[in-house]
Every structure is written in structure tokens, then in C-alpha cells.
Amino acid sequence: MIMRGFMSFVRKETLHILRDPRTMLIVLLMPVIQVLLFGFAMSTEVTDVRVAVVAPHRTEGVRQAVRRIAANPCFTLRGYVDGTQIDAVLRSGEADAVAVFAADYDRRMNALELGEAAGEAVQLVFDASNTNTASAGAGYLQSVLTADVRSGPLPETRLLYNPQMKSSYNFVPGIMGMIFMLICAMMTSVSIVREKETGTMEVLLVSPVRPLRIVAAKMVPYFLLSCFNLATIPLLARCVLEVPLSGNLAGIACLSLLYLLLALAFGLLISTFADKQATALLISGMLLLMPVVMLSGLAFPIENMPRILRVVSCAVPTRWYIEAVRKLMIEGLPFAAVMKEVAILAAMTAVLTAAAIRKFNDKLE
Amino acid sequence: MERSDCAIEVSGLTKRYGALTALDGVSFRVGRGELFGLIGPDGAGKTTLFRLIATLLTPDAGTASVDGFDIGRDARRIRARVGYMPGRFSLYPDLSVGENLDFFASLFGVRIADHSDLIAPIYRQIEPFRRRRAGKLSGGMKQKLALCCALIHRPSVLLLDEPTTGVDAVSRSEFWDMLSELRTKGISMLVSTPYMDEAQRCGRIALCDKGRVLAVDTPAGTAARFDGALYALSGPDMYGLLLAARAAHGVRECYPFGAVHHLIPGRGFSAERFVAELAGKGFRNAELRPAEAGIEDVFIRLMRHE
Chain C
1 MIMRGFMSFV
11 RKETLHILRD
21 PRTMLIVLLM
31 PVIQVLLFGF
41 AMSTEVTDVR
51 VAVVAPHRTE
61 GVRQAVRRIA
71 ANPCFTLRGY
81 VDGTQIDAVL
91 RSGEADAVAV
101 FAADYDRRMN
111 ALELGEAAGE
121 AVQLVFDASN
131 TNTASAGAGY
141 LQSVLTADVR
151 SGPLPETRLL
161 YNPQMKSSYN
171 FVPGIMGMIF
181 MLICAMMTSV
191 SIVREKETGT
201 MEVLLVSPVR
211 PLRIVAAKMV
221 PYFLLSCFNL
231 ATIPLLARCV
241 LEVPLSGNLA
251 GIACLSLLYL
261 LLALAFGLLI
271 STFADKQATA
281 LLISGMLLLM
291 PVVMLSGLAF
301 PIENMPRILR
311 VVSCAVPTRW
321 YIEAVRKLMI
331 EGLPFAAVMK
341 EVAILAAMTA
351 VLTAAAIRKF
361 NDKLE
Chain Y
1 MERSDCAIEV
11 SGLTKRYGAL
21 TALDGVSFRV
31 GRGELFGLIG
41 PDGAGKTTLF
51 RLIATLLTPD
61 AGTASVDGFD
71 IGRDARRIRA
81 RVGYMPGRFS
91 LYPDLSVGEN
101 LDFFASLFGV
111 RIADHSDLIA
121 PIYRQIEPFR
131 RRRAGKLSGG
141 MKQKLALCCA
151 LIHRPSVLLL
161 DEPTTGVDAV
171 SRSEFWDMLS
181 ELRTKGISML
191 VSTPYMDEAQ
201 RCGRIALCDK
211 GRVLAVDTPA
221 GTAARFDGAL
231 YALSGPDMYG
241 LLLAARAAHG
251 VRECYPFGAV
261 HHLIPGRGFS
271 AERFVAELAG
281 KGFRNAELRP
291 AEAGIEDVFI
301 RLMRHE
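If you read the sequences in order, they're chains C and Y.
Heads up, the final residue of the first sequence is numbered 365 in the working numbering, and it's a clean run with no missing numbers.
Heads up, the final residue of the second sequence is numbered 306 in the working numbering, and it's a clean run with no missing numbers.
Warning: the hint list may mix true and false statements.
What the hints assert, rightly or not - Result set (SDA-like, lysine to any residue): computed pairs, CA atoms no more than 25 angstroms apart in a straight line:
#: 1; chain 1: C; residue 1: 363; chain 2: Y; residue 2: 29
#: 2; chain 1: C; residue 1: 196; chain 2: Y; residue 2: 267
#: 3; chain 1: Y; residue 1: 136; chain 2: C; residue 2: 18
#: 4; chain 1: Y; residue 1: 210; chain 2: Y; residue 2: 301
#: 5; chain 1: Y; residue 1: 136; chain 2: C; residue 2: 293
#: 6; chain 1: C; residue 1: 340; chain 2: C; residue 2: 281
#: 7; chain 1: C; residue 1: 363; chain 2: Y; residue 2: 21
#: 8; chain 1: C; residue 1: 196; chain 2: Y; residue 2: 29
#: 9; chain 1: C; residue 1: 363; chain 2: Y; residue 2: 93
These are calculated hints, taken from the structure and not from any lab test.
Small disclaimer: the values here were computed from a predicted structure and weren't measured.
Just need the whole structure built from these sequences, with the hints factored in.
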């Protein structure tokens, strides 16, 4: 009997979702659009950096280095220019970067390989009007040029796991963190508050069904939808954006399920505060989306934040989720490596659930 | 009335929202199988009273019980035995008529067929629209569906908060016919309405205003509380007539009442002199005849002179 009541609740909630095209768009289409948007349009990664070369002597070593640049899909070789034209080609926009080879490039490289002191062999001049492209491109170009130098005073930077600094690697965990928050917390709270606003909650409360069971039933369809997204977002990332899913998928799934529960508890808590759908939207927008986007490391690196914001970001659950997913998904670390994040998320879930249940009551006041 | 005969017993019930006192020491009893009306304008506290009885609010003072169960201690028991129909349309507009019924049936752990004797006469009227979304029903149909949903678990007490507000006159009348029918099946009902004409359909009524109950009586008994003479005044230019009558000598009160004005004479009032006085002011075709007092007249008198 109890199960029948519960299941009919779930069915009713599912019908609400299926019959509202806007909800369907938000929960099913938005994740796809965001993955594609972040992956393609909003990428800050190095693609198509045009490189001009200044080389007083086109020795075999220089030619080899230039061939390496030309062969790399991220760089387009714009040919050799004269040393006096560096500024001109950058200003005219013909090239984004100029690689200036020393006149005695081969000698200096040999010296470097032997571990002897010798000045810089190559100087890289970048158009930094777009700082993102410049810094990312400089790093990558440098790594391409020094690929066969085994030692030496050239600071050797190796970008592991994501050598091209593809932004989609970063964004996919971020998008997952945001989407689940949006669907579970925002959609659930709005759907609970809608019943308050339209007066149906009054009727539901004056029924033998326990109020918390009502709320739990409301969460089930959103939870299932999120599980669907949990499966599709990484798949989409893998197939379309070619993000490596190197980590253990079971670990990512477990972590995400925990995060879903946290988001649902958050949504329930919001619904106890708000009595209008607009209020619920506003609270979830201000309380969830803003910090999630700004402080979770999704858009801006946490390391670059002022100390105070870094402290605040610790309270944003999405931050821990994104960190953990990055470790699992991109770095391919074992589940044991994210125990700290799991513990923090579990504690947050417990606190939020307790607060929501405490605050939730079966009266109208 | 014995306590065990009470479907609803309200005693000294008070509810405040901040500085506003929505209910101020309200007391009355609804007998088993009785159709009890709460008559009063918006802001009389009717909805607050319903929510208190439905255990959705906690009173600041006083007590209330349903079938002998206290609204504070036995809320869960009360919730199982009342059918509650809030003032606003409280079904799911995006679900069909049938889906709404199915949902409420399973909410109460019953099947629609279980109490078909109770619901069938009402459901038959909306059955042709079974597949239609509830939001697309007419006002009268919506209320019939809501009534079906409220009855689905055969409640012993039915709480109906302004069920006929915003419904056309024919549907209103039909709705009251259904309530009379339910009464014969032993269901006790508390119904609120702002329409005075509907008060006649109740067994007993309570006149409410500004959070207080002014009088509790049968409709006829309530009307009979009006002592003294009453006149109906009509003629062209009704508004001018109202102002002139209020200014005329010996008139205690004059207020619009449907198509006419009701006039309560004071000391030293004479019908002939009054008509002559009006004629002198240019109201030559004004007609004044004795009228029978209704519930509304009593209500207006109680409201003004409390």
C-alpha cells in the first residue's frame, strides 16, 4: 500500500516533467548544449597558433626544429621573416608568435645537450593581446622546441595529462558539477515550491502520506534524470571532445551519486525557505549557481583567487566534486586518492539533509 | 449537543499573524451529518479557520477537534478522516481528470471503485472529460473534480473552503445539490461562502466578520433575528435615491440590496412623509414597500452594531 502510494507519486512527478517542454529542455538538452559550448566555443586552448620564424642561418638543426613546428596540428607555419620585421608581422596579425633562432643555434643546442652553459638558443616572441592563447601557446611551443633536449638550463616544463592544455578537460568535470546542482537542487526545489504556490501542497499535507515521503517521491525522477546525464555527459565528452576517460568509471559514478544526494538535500532545504517559485529560483541562482560558477574552479582557477575567496570556495561543494572528478577522470588516479573530497562531500550531505529535515514541517507556517 | 455527536467542535480558537488577528476567539459546533455554513466576506478569517481545523496551522489559543480528535495531539488521525478542498483550485492542471483521480486515490490508499456510491453521481458528470487536462476544465467542472478527489477516501467530515467562488450560477446550484445529496449519506460538512443566497442551503450557519463569529443559527432563525420594520426602496437613479434616502428624516439606515435598497426606519419615521420628502427632492417615481428581512439584513445589522 505504501509502495503503491509512493510509486503513484513518482509517476505523477514524471508526468509533470514529461508534459512541461521547458523542464524537458533544461534537464535533457541543456547538458548537451553546455558540453558542446564549453568544449568548442568557449575553449581557451591552443589551436591554430600562427608562427613566423626568424633564422639568420638555416642550418640542419634549425630546419629540424621548424619542421617540428610545422608538423604540429596546433601551429601553422607562416614562413621565415627578417629579424627587423618581428614587430610588423605581429602587429599586422599575420602571425601570433615569432620564433627567433640564435645565429649559432646548432652550437648552443649541442652545448646544452652536453650540459654546458650557453645562452638561449631560441627566443619566443608572442602577441599577448590574448593572454590565454599567449601563455598557453608559449608553453606548448616551448615544449615542442625542446622536445629532444634531455637536459640543460632551459626550464623543462612538462604538462602531464593534458599537454595541449585543452580546456574541455577542465570543463567537463565542471559542467557535471554545475548540471547536477541545477537539476537536482534547482529543479527539485522549484517543483516542491510550485506545489506550495498552487495550493496542492495543502491537499497533500492533509493526507495520510508522510510529508517526507512526498518530498522523497518528488526527488526520484530528478535523481534518475541526473543519472541519465551522468552517463551521457562523459560519453559525449569522450566521443565529441575526445576527453580521455582514463579514470575508473565506477569511482566517478559513486562520487557523482554522493554529489547528487547532496544537491537533492540542498534543493529540499531551499524549498523549506521559499514559498514562491520565483523565490526558489532566485535562491538557487544566487546561492548555488553563482558560487558554483565563480568559486568552484569551473571558470576561474581557485589558486588565483584572493585568500578570502579561497576560504569561501571551501564551502562550495561543487569545488570538491570538481577536484575529485578531475583527479579520477583526467589524471586517472585510484578512488583512494579522492577520499578527502569524498569525506567532505559526505559530511556536507549529512549536514544539509539534517538541516532540511529539521526545517521541513508538515504545517503551512 | 453531546460531545460525541460533534463532527467539529471549535472553542475559543484564536490565530494571529503578527499584529493581525485573523481569528479572535471563535467557538461553534457542527453536528454529525450536519451541513454547516460559514458566511462572511473576504477577510472574515474563514480560510484560516479551515486550515486550523485541517491541522495545517497551529492556533495561538483555543482548541478544536474533529470527530473528537484534537487538532494538536491527533493531527495525523484527523488528516486521515477529513476531506479538504481548499479555496484555490488545488489539483494538477497538467494531469488529466482520470490521472488526478487515480493519484488522489492512491494517496489515500484506496481505489476509485471502492466508494463509487459516493463519487459516482458526481463523477458521472465529469466522466466524458476523463482524458482532458484538469487545467482545461470549466470552473464548475474543476470544482466537481476537486470534490470527487476530496471524497475519494470517504471522509467522515468534509471541509469545503469557498467551493463555489468563481463558478457560474447554474454550476453553483448544481454543486449545492450535490452537497445536499452527500448529507443524506451521513457526511458532515463545513462549507464557507461569501454568497448570502447559498446560506439558505445550509442546515445551520455562522455569520463571521473580522475573525469573529457574530451569530450561529438556522438560516430561518438567523433571518428571524431581525426585529423591527424593513422597507424596500426602488426607483430611477438608484444611487441618487440612496444618498437622498440616507439624508432623509427618520431614516436610520439605507443600503443597496440586490436590485433595490433596504431601508431601516428610525424613530419618528413615516412612510408617507418620506415619499413626499423624496418627491420634493425630485425623486417622483420612488417606490417604498414593506420588505421581509433576510440573512443579509441581519448580517449587515450585526456587522454595523457589534
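List, from low to high, the hint numbers that the structure doesn't satisfy.
2, 5, 6 and 8
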